[in-house]
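In order, the protein sequences belong to chains A and B.
So the first sequence is numbered by the working numbering: it starts at 295 and just counts up by one.
So the second sequence is numbered by the working numbering: it starts at 3 and just counts up by one.
Please note that the accuracy of each hint is not assured.
Ranges between beta-carbon positions, derived for each pair [stated by the list, open to error]:
#, chain 1, residue 1, chain 2, residue 2, range
1, B, Lys155, A, Tyr316, 28 to 38 angstroms
2, A, Ile349, B, Ser141, 36 to 46 angstroms
3, A, Ser386, B, Lys14, 56 to 66 angstroms
4, B, Met57, A, Leu370, 22 to 32 angstroms
Listing some non-contacts, in silico: residues in chain A with all C-beta distances to chain B over 10 angstroms [as the list claims (entries may be wrong)]:
#, residue
5, Asn354
6, Phe381
7, Tyr384
8, Tyr400
9, Ile401
Quick caveat, the hints were computed from the structure, so don't treat them as lab data.
A virtual CB, placed ideally from N, CA and C, is assigned to each residue, including glycine.
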Amino acid sequence: MKDFDALKDIWHSQAAAPKLGYDDILKGIRKSRSNFANKLLFETLGALIASVLFILIWINSPSMMWTTHLSLLVFLICCFYYLFVQFKDYRSISNSEHLLKVPREYIEYLKKYRRNRYVLNTSKYLVYSIFIGLAFGLYFIEIYFSSPLWQTLLGLFAAAIWFIMCWFIMRIYIRKEQEKLSDMIEELERLEKQFGE
Amino acid sequence: MNKEALFKEIFKANSKKIYHLCYGYTGDDDAANDLMQETFLKVWQNLDKFRNQAMISTWIYRIAVNTCLSWLRVEKRQAKDELTDKIIETKGEEISEKNEQVALLYKCISKLEETERIIISMVLDELPYAEIAEISGVSEGNLRVKIHRIKHKLTEIYNRYERF
């Protein structure tokens, strides 16, 4: 039979030590910083290239119907919105001030963050997809008047397939995310309760 | 003192204790190293805020505790328990009696609730109660009661396992 002091002696006799040294940590810091910057840069560039492409189409097509103008405007707004959301999210992740809060408040933050991510990845993404679909639809109105019918139909068909696929994938994704979110919130509330006792 | 020199000093003074806390929480060496690395990454990011703080270790511990809590988001509790059992079984033959006792102690800690694991790791590392209260955000009076209960629970689990 051992008492708590004996357990304390065992604890202090442990040879278990971190595998990582100070240099490894510094290397990790530099690496994570460049990974973060690269990912952000990659996504920003992607959205910027798309935006420039839409602007070029806009400038270089002199006689446009109002539906095409509206379509390109929706595309551009979608690109900038995507860029804004990604940037805001990365800023939130890299800002570690909330880690200095007491655990209960930190758990509250985690719950809020998870819920926000869920809304972003489900409802907001669905709205985003609908607007992209709408922009495609508007764009094809001009194609219908200026190009052979088969081209319009082909384009419309491709856009419709893409739209239906998004809808189906999103439905599965939303259901899975909802289950995952419920588990996480349940787990976090359990932890919160432990700190509150 | 420049940032890197200050960080080195902080790392040397705290890394072992933070690693023990993470190991106690996860019951897994690799996960403990990952969490410790993440903790010090956050310490680095917040180093300028710490410069004038008297109790820097309190902040580091709090970051470590919160980092451990967020680790639970991706790890399943059951899987973790199985992992701890596996460590004890597979490494059992190659380790000395002393190390076996340490491994058993970690296994017993893994049977506690998450908050209890965090608190007991700090108690075992002999942090003052006032500091543990500050880190965990639990009132000192409440904490004393908790610690008394956790000590009793851990001792009981340990003795139960040791008998077999």
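These are the hints, each one checked on the structure:
1. B:Lys155 <-> A:Tyr316: 28 to 38 angstroms: holds, 36 angstroms
2. A:Ile349 <-> B:Ser141: 36 to 46 angstroms: violated, 59 angstroms
3. A:Ser386 <-> B:Lys14: 56 to 66 angstroms: violated, 32 angstroms
4. B:Met57 <-> A:Leu370: 22 to 32 angstroms: With a Cβ separation near 51 angstroms, B:Met57 and A:Leu370 fall outside 22 to 32 angstroms, so the hint is violated.
5. Asn354: holds, 46 angstroms
6. Phe381: holds, 18 angstroms
7. Tyr384: A:Tyr384 is indeed farther than 10 angstroms from all Cβ atoms of chain B, at 14 angstroms.
8. Tyr400: Since the minimum Cβ distance to chain B is about 4 angstroms, A:Tyr400 lies within 10 angstroms and the statement is violated.
9. Ile401: Nearest chain B Cβ is 6 angstroms from A:Ile401, so the label is violated.
Violated hints for the displayed structure, listed by number in ascending order: 2, 3, 4, 8, 9.
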